[in-house]
Amino acid sequence: MSEAESNSEVLLRLWVRNQADVYRYIFALLPNAADAQDVLQATCVALWRKASQLDLNRPFLPLAFRFALLEVRKNRDKNRRWAGFLDDSALKNLARQREETHDLLEARRQALDGCVAKLGPTDRDLVERHYQRLLTVPEIADATGRNIHTLYKALQRIRRQLLACVNANLEAEGII
Amino acid sequence: MSEFGEDKSADVELEDWLSQLCEGTLSPEDLRRLGEKIATDSAARRFYLEYLDLHAALGGQGAAVALPDLSRAEPLSVVEGTAGQHPRVRRWMR
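Protein sequence lines correspond, in order, to chains D and Y. The first sequence begins at 291 in the numbering used here and counts up by one. The second sequence begins at 16 in the numbering used here and counts up by one.
Just so you know, the hints here were simulated from the structure itself, not pulled from any lab data. Treat each hint with caution, since some may be false.
As the list claims (entries may be wrong) - No farther apart than 25 Å at their CA atoms in a straight line, the calculated lysine-lysine pairs in the DSS-like style are these: (1) K52/Y / K368/D; (2) K52/Y / K443/D; (3) K52/Y / K408/D; (4) K340/D / K52/Y; (5) K408/D / K382/D.
Stated by the list, open to error - Simulated restraints, written as ranges between beta carbons of each label pair: (6) D377/D / D26/Y: 32 to 38 Å; (7) P43/Y / Q343/D: 38 to 44 Å; (8) G374/D / D26/Y: 44 to 50 Å; (9) G39/Y / R447/D: 40 to 46 Å; (10) R339/D / S42/Y: 35 to 41 Å; (11) E44/Y / I466/D: 18 to 24 Å; (12) L424/D / E44/Y: 36 to 42 Å; (13) R414/D / G39/Y: 30 to 36 Å.
Unchecked claim - For the chain D half of the interface with chain Y, some residues (derived, Cβ under 10 Å), not all of them: (14) L346; (15) N347; (16) L351; (17) R363; (18) N365; (19) A373; (20) T391; (21) V417.
Just so it is clear, CB atoms sit at the ideal spot from N, CA and C, and this is done for glycine as well.
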């Protein structure tokens, strides 16, 4: 087996294991699901093209984040939606802070599971429909007969509760 | 304006923007204002990162994407049984 093939296999494993983290990094810089998915795929392809040259013994996420940031810039430059959002300097700043806080965000994510489990049945059902079955708010309104505006507000309140719950957990553990 | 955290109305406005951003309903004008806010206010930037990461971690329409079409890139040796699986995704759904 050649070294390049071996690197390709390692890269595939690393990518499958880490792609959700890379997605979350991209989404912070380009907060639109469709655009973030495009960038995630472009990042994977860009990594793949360089597979034989990558040192995959080093931590993978910083490497993947570097590739991802380049792809975020490319997407932003050709996509008018983002023209007024963040300039180069602000994007670079945000990317650096996102990378620096990755471990903390990971701890928050770990705490999130328990917080979701504590939601009441109605809220949990809404979260499941919206975040797991990927139904839009108008679709949920159609299916449940609930008012669209009420559903938007409910989702906002649920996210606020989850943030507070995560904060409380991390404070209790002395992490923040 | 006082710093984020001390100004209740600024907190509410930022949270409204972030919620609308997550739902895809934020106007271009408010997207621009959000960009200005997080470019200049480190506390707002931190809250932005926490909020969006929570949204993405919940499932946020795309956290669990399949592998892209790699036929455009180099040929690869397929590793069996790993594609499409991610131990962290949707594990709270039981």
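Taking the hints in turn, this is what the structure says about them:
Distance check on the hinted pair: K52/Y and K368/D sit about 23 Å apart at the alpha-carbon level, within 25 Å; holds. A threshold of 25 Å between alpha carbons decides the hint, and for K52/Y with K443/D the separation of about 23 Å falls inside it, so the pair holds. Proximity of K52/Y to K408/D is assessed by CA-CA distance (about 33 Å); at most 25 Å being required, the pair is judged violated. About 37 Å separates the Cα atoms of K340/D and K52/Y, which puts this hinted pair outside 25 Å; it is violated.
Among the hinted pairs, K408/D with K382/D is inconsistent with the structure: their alpha-carbon atoms are about 37 Å apart, more than 25 Å. In this structure the supplied range 32 to 38 Å is violated for D377/D paired with D26/Y, their Cβ-Cβ distance being about 25 Å. For the hinted restraint 38 to 44 Å between P43/Y and Q343/D, the CB-CB distance of approximately 40 Å keeps it satisfied. Taking the beta carbon of each, G374/D and D26/Y are about 23 Å apart, not inside 44 to 50 Å as hinted.
The supplied range of 40 to 46 Å is broken by G39/Y and R447/D, whose beta-carbon atoms lie about 18 Å from each other. A C-beta distance of roughly 38 Å is found between R339/D and S42/Y, which places it inside the suggested range of 35 to 41 Å. Remark: the range hint 18 to 24 Å for E44/Y to I466/D is contradicted by a beta-carbon distance near 33 Å. With their beta carbons about 28 Å apart, L424/D and E44/Y fall outside the hinted range of 36 to 42 Å.
Our hint of 30 to 36 Å for R414/D and G39/Y is violated, since their Cβ atoms are close to 22 Å apart. At its closest, the beta carbon of L346/D sits 14 Å from a beta carbon of chain Y; the interface hint therefore is violated under the 10 Å criterion. A distance limit of 10 Å between C-beta atoms decides the matter here; for N347/D the minimum to chain Y is near 18 Å, and the interface restraint is violated. Because the closest C-beta pair between L351/D and chain Y is about 13 Å apart, greater than 10 Å, the hint is violated.
At a threshold of 10 Å, the smallest CB-CB gap from R363/D to chain Y is about 15 Å, leaving the interface hint violated. Hint status for N365/D: violated, given a least beta-carbon distance of 14 Å to chain Y, over 10 Å. Annotation: A373/D was flagged as interfacial toward chain Y, and the flag holds, the nearest CB pair being 9 Å apart, inside 10 Å. For T391/D, the shortest C-beta to C-beta distance to chain Y is roughly 6 Å, which falls under 10 Å, so the interface hint holds.
Against a cut-off of 10 Å between C-beta atoms, the interface hint on V417/D holds, since the closest Cβ of chain Y lies about 7 Å away.
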